[in-house]
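One point on numbering: in the numbering used here, the residue at position 37 of the sequence shown is 37, and numbering is uninterrupted.
Worth double-checking, as some hints may not be accurate.
[To be verified] No farther apart than 25 Å at their CA atoms in a straight line, the calculated lysine to any residue pairs in the SDA-like style are these: (1) Lys14 / Ala47; (2) Lys65 / His166; (3) Lys114 / Ala129; (4) Lys12 / Asp128; (5) Lys114 / Leu48.
[Claimed, not checked] Each pair of labels, with its calculated beta carbon distance range: (6) Ala23 / Ala75: 31 to 39 Å; (7) Tyr4 / Ala218: 54 to 62 Å; (8) Glu111 / Ala218: 44 to 52 Å; (9) Ser130 / Ala218: 30 to 38 Å; (10) Asp190 / Gln10: 38 to 46 Å; (11) His192 / Asp81: 35 to 43 Å; (12) Asp16 / Arg221: 19 to 27 Å; (13) Pro216 / Glu169: 38 to 46 Å; (14) Asp188 / Arg89: 39 to 47 Å; (15) Arg90 / Gly228: 36 to 44 Å; (16) Ala189 / Tyr85: 45 to 53 Å; (17) His209 / Val5: 35 to 43 Å.
It is worth saying that the hints were derived from the structure and are not from the lab. A virtual CB, placed ideally from N, CA and C, is assigned to each residue, including glycine.
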Amino acid sequence: MPFYVSPEQQMKDKADYARKGIARGRSVVVLQYDDGILFVADNPSRALHKISEIYDRMAFAAVGKYNEFENLRQAGVRYADVNGYMYDRRDVTARGLANAYATTLGTVFTEMNKPYEVELVVAELGEDASSDQIYRLTFDGSVADEHGYVAMGGQADQVAAGLQEHYEEGLSLARALRLGVRALERQDADRHLEAEQLEVAVLDRNRTHRLFRRLPPARIRALLEEAGAGSAQAESGAEAGAESGDATAE
Numbered sequence: 001m002p003f004y005v006s007p008e009q010q011m012k013d014k015a016d017y018a019r020k021g022i023a024r025g026r027s028v029v030v031l032q033y034d035d036g037i038l039f040v041a042d043n044p045s046r047a048l049h050k051i052s053e054i055y056d057r058m059a060f061a062a063v064g065k066y067n068e069f070e071n072l073r074q075a076g077v078r079y080a081d082v083n084g085y086m087y088d089r090r091d092v093t094a095r096g097l098a099n100a101y102a103t104t105l106g107t108v109f110t111e112m113n114k115p116y117e118v119e120l121v122v123a124e125l126g127e128d129a130s131s132d133q134i135y136r137l138t139f140d141g142s143v144a145d146e147h148g149y150v151a152m153g154g155q156a157d158q159v160a161a162g163l164q165e166h167y168e169e170g171l172s173l174a175r176a177l178r179l180g181v182r183a184l185e186r187q188d189a190d191r192h193l194e195a196e197q198l199e200v201a202v203l204d205r206n207r208t209h210r211l212f213r214r215l216p217p218a219r220i221r222a223l224l225e226e227a228g229a230g231s232a233q234a235e236s237g238a239e240a241g242a243e244s245g246d247a248t249a250e
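Using the sequences and the accompanying hints, generate a full structural model.
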C-alpha cells in the first residue's frame, strides 16, 4: 500500500542522509596564500585522490563518497575540455563549472531517491589574490562564493574554527600548510598528521601554463619544518622583547 511523505519531510530526510555520509569522511581544507591557492586533505592513500587538476588554472577538491565525486570530477574535465576546444580556453571558468555542478547536484537531490554524498570546492587562480575564485558546492546543489579559506567533510566546524582563529591574508606557503594541518588535527586531540598521511597540492601563480602541482611527502615535510622553525624564532623574539621591556621598566 503506498504511503504519503510530505515534500518537506522527504527533502529533510535526504539532507540528513547526505550530511551523515559526508561527515564520516576525512576533511579537506582550501586556503589562499601569497602566491596561490593551497589544498590540504587528510588522505593517506597515494592512489585515490581527493584533489585534482581540472584545467589550466583550475582545481577540484572533494569529500564524501569516492565513486560519486570521481564521476563529477571526470564530468568537469570533459566540460572544460569541450568548452575550451569549441570556444576559447579563457571561456573555461570556475564559475561556469560550478554552475554545471550545481545543476547536476540539484537535479540528483530533488529527483533521485538517494542524493550524492559529496561536497566540492572548485577553485580558479586569478592574476592576483583579489581575482581568485573559490566556490563551495553542497550535496543539494547550493553554491557559495568563498574567500580566504574553506573546510569541508569530517568535523568541518572544528576545522573551520581553527582556520578562523589563525588565518590571515598573505600567508607564505609554509605557514599556510602548517595552519591547514593544525586545523585538520583539531578533529582529534591525540592525532598528529605526518607528511605521508597528507595529500597536498597548489595552484601556483609563479608557474606558467599548468599551474597545478602536487607536493610529495618530502616537500610537505620540509615546508612544515620551515614553518615550525619560523614560529619558534618568532616566539623567542617575542619573549626577548618582553624581557627587554621588563628590564627597561625596572
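Against the structure, the hints come out as follows:
no.: 1; hint: Lys14 / Ala47; result: violated (30 Å)
no.: 2; hint: Lys65 / His166; result: violated (30 Å)
no.: 3; hint: Lys114 / Ala129; result: violated (38 Å)
no.: 4; hint: Lys12 / Asp128; result: violated (40 Å)
no.: 5; hint: Lys114 / Leu48; result: holds (23 Å)
no.: 6; hint: Ala23 / Ala75: 31 to 39 Å; result: violated (24 Å)
no.: 7; hint: Tyr4 / Ala218: 54 to 62 Å; result: holds (60 Å)
no.: 8; hint: Glu111 / Ala218: 44 to 52 Å; result: holds (47 Å)
no.: 9; hint: Ser130 / Ala218: 30 to 38 Å; result: holds (33 Å)
no.: 10; hint: Asp190 / Gln10: 38 to 46 Å; result: holds (40 Å)
no.: 11; hint: His192 / Asp81: 35 to 43 Å; result: holds (40 Å)
no.: 12; hint: Asp16 / Arg221: 19 to 27 Å; result: violated (40 Å)
no.: 13; hint: Pro216 / Glu169: 38 to 46 Å; result: violated (28 Å)
no.: 14; hint: Asp188 / Arg89: 39 to 47 Å; result: holds (43 Å)
no.: 15; hint: Arg90 / Gly228: 36 to 44 Å; result: holds (40 Å)
no.: 16; hint: Ala189 / Tyr85: 45 to 53 Å; result: holds (50 Å)
no.: 17; hint: His209 / Val5: 35 to 43 Å; result: violated (52 Å)
Figure legend: structure checked against the earlier numbered hints; hints not met, in rising order: 1, 2, 3, 4, 6, 12, 13 and 17.
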